[in-house]
Every structure is written in C-alpha cells, then in structure tokens.
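Let's have the full structure, built from the sequences with the hints guiding it.
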Amino acid sequence: MSPLTTSILISSLATGTIITASSHHWMMAWIGLEINTLAIIPMISKKHHPRATEAATKYFLTQALASALIMFSSTMNAHMTGSWDITQIMTTQPTIILSLALAMKLGIAPVHFWLPEVLQGSTMPTALIISTWQKLAPMALLYLTANNTPTLITLTLGITSALVGGWGGINQTQTRKIMAYSSIAHLGWIITISTMLTNIMLMSLMIYIVMTTTMFSILMMSNSKTIKDTTTLWSTSSPLIIITTLTLLSMGGLPPMSGFMPKWLILEELTNQNLTLMATSLALSALLSLFFYLRLTYTTTMTLAPSTTTSKHKWRFKTTNKTALITATTMPSLMMLPITPLLL
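Numbering (mature numbering (1 follows the signal peptide of the UniProt record, and there is no 0)), first residue to last: -16 to -1, 1 to 328.
Heads up, a few of these hints could be off.
Unchecked claim - The calculated lysine to any residue pairs, modelled on SDA-like cross-linking and capped at a C-alpha distance of 25 Å, are:
| no. | residue 1 | residue 2 |
| --- | --- | --- |
| 1 | LYS161 | THR287 |
| 2 | LYS31 | THR41 |
| 3 | LYS30 | SER(-15) |
| 4 | LYS306 | SER219 |
| 5 | LYS212 | MET108 |
| 6 | LYS247 | GLN257 |
| 7 | LYS30 | ILE113 |
| 8 | LYS209 | THR157 |
| 9 | LYS161 | ILE226 |
| 10 | LYS161 | THR216 |
| 11 | LYS42 | THR(-11) |
| 12 | LYS161 | SER29 |
| 13 | LYS306 | GLN104 |
| 14 | LYS42 | ILE113 |
| 15 | LYS31 | GLU101 |
| 16 | LYS209 | THR41 |
| 17 | LYS42 | TRP117 |
| 18 | LYS161 | THR283 |
| 19 | LYS209 | LEU318 |
| 20 | LYS306 | THR107 |
| 21 | LYS212 | LEU272 |
| 22 | LYS212 | MET286 |
| 23 | LYS209 | HIS33 |
| 24 | LYS306 | ASP213 |
| 25 | LYS42 | ILE81 |
| 26 | LYS161 | LYS209 |
| 27 | LYS42 | TRP151 |
| 28 | LYS209 | THR37 |
| 29 | LYS31 | ILE113 |
| 30 | LYS42 | PRO26 |
| 31 | LYS42 | PHE56 |
| 32 | LYS161 | PHE44 |
| 33 | LYS306 | PRO109 |
| 34 | LYS209 | GLU38 |
| 35 | LYS212 | ARG35 |
Unchecked claim - Pairwise CB distance ranges (calculated):
| no. | residue 1 | residue 2 | range |
| --- | --- | --- | --- |
| 36 | ALA5 | PRO223 | 32 to 38 Å |
| 37 | PRO325 | GLN158 | 34 to 40 Å |
| 38 | PRO239 | ILE154 | 21 to 27 Å |
| 39 | THR157 | LEU(-13) | 35 to 41 Å |
| 40 | SER(-5) | MET286 | 40 to 46 Å |
Hints in this document: simulated from the structure, not taken from any laboratory.
Every residue gets a Cβ at the ideal spot worked out from N, C-alpha and C, and that includes glycine.
Dropping the structure here:
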C-alpha cells in the first residue's frame, strides 16, 4: 500500500472518530462511525490473502449491522421524543437496542465472535488499530449516553465479557487471538463501571489502550505470532524480555503495575454500591485472564526453544526495528499506580 493511500486511510480513521466524539446529533455520530468503518476495511484486506478477505468481510458485516441498529434506535427515539440529541435518549426500547449495537461495535460478549477472527486475519499493526483506536468512537457514544443506559443490561454485558474473555483466551495459541480475548475481558471491566463513574471508565480505557499498544509493539518487534514464537525472544532482545514480562503482569492486574489501578477502583465502587456478588465474579474472572498472561510470561522468560538461533547473542547486533512506540508506552503501562489521584 502506497504512503499516500495509507495517510488518507489513517486521516479518515482519525476524522471519523473525531466527528463521532464531538457530535451531539445522532446523524453526525452515525456518519463518523461509517467513515471509521470504511477507512479500516482496506487496511484489513491489504494482505491479499483469503483469511484477510474473510476478516474484512466479517468486520464489514458486523459493523454495518451495528451501525444500522444505532440508526434504528436513534430514529425510534426521535419518533418518541422529537429530539435527535444524543444525550436525550430516554425511552426504554431505543436504549436497549443502542446498548446491544455499541456492544457489537466494541466486541463485547455475547456479540464478540467477530473480534478474534478479524484480528487473526489482520496484520499486527491493523490488529493494534482495531484493538485500540477503533474502540474510541463507540466509547464516546457510551460516555454520552451513560446516564440513560439501563444499568442491568450494562452490568450483564460487563460480567459476561469478563468471563468470556477469560475462558476464551485460555485455549488459544495465537498471540493475536489472545490479545482479542484480552480486549474482550478488559472492555467488560470498562463497561461495568460506565453507568456509575464515567471518570473511572475513561481512566480504565486510557490504561487499556496504553497496555495493549505496548504489548502489540513487542509482538511486532519480535515477530511473535504464536506462543511458540515467544520462546526465541531471549535471543532477539534481552531488555525486551523484562518489558514483556512486566507488561503482561500489568495486563493481568497485579500490583504495583498500572493495570491494578482500574481493577482496584472498579471493585471498590461495586462494593460501595452493594454489588458484592458482581465484584466477586469480576475478581474471579480476572484470575482466568491472569492464567494466559502468566503462560505467556513463562514461555517468554523461562523456556528455551528446541532449536536455538545460529547466533546465541543476536541482541548484541544493532537492531533495525523502530522502538519509539515501545519507549513511549512502556512507562505509562507499568508505573502509573502512584499517580492514581491525579488521573481521576
């Protein structure tokens, strides 16, 4: 893909997200989502491989259905209330349809089935964009309608996603599918808190994006597509092993890493709202996710590949990989716990 085409597509992605996030009219929000979808599809299918074509088709169909549901719910709300304002969605049926449509846009269980398949059929950079940037526009709509969304539906979607993300990732060997189920689990936590405290929701989303960007950057730099590939990481870059281990532990939510902060605050708020069973279920679901993070940590740091590379110290040579992204995101994804009060 030529640099001009790439720049146009990335600009369209940014434009679509900004239009959706800054709009108050449902039609403008829908237009932004459509620009977003149409810009990412060529990036998914650019490999000219049957799996990439399949991923692009699945992505298009699910996003088109979700956009249609958003338009349907906003039209129904306009018919009932006479207003196209995003923050004025009051009636029950449109809010239920909108919740399911945003869940499909975000890849939240039980409408998550497209996400692992699409990520597996995409390149690593495209999978990174789908897992991070593409969540911003639906999250903006979720933020704007948080006060009117039915709490029961939101909590049900949240706990289902956290459990499905944990159970689904255990059996995976492909790193992109593991990251997809990790995304489902994290978004379950984020959507759970959305109807209670939107500032914690935004902070959790920010930390999720930073941690996911760091992890995808490591996978791109080491060219690790399966768990087996991570066993040769020791010969590629010695410092990268430490960063990988700490990032995975942060994604698992272990203190004193940044990933512990959102889980801690969400569980605290759920307990304050007397949702003890919900908080316990979410905490147990985090153990499921922690299992496959620890498995990746184990293969990265404590195992040697059956056939080692010809040079035992490949990391001594000058690397040609660009490390700016890892450098920028490693510190925030690991060390933001002490500044928690400043982020709220």
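Indices of hints not satisfied (ascending): none
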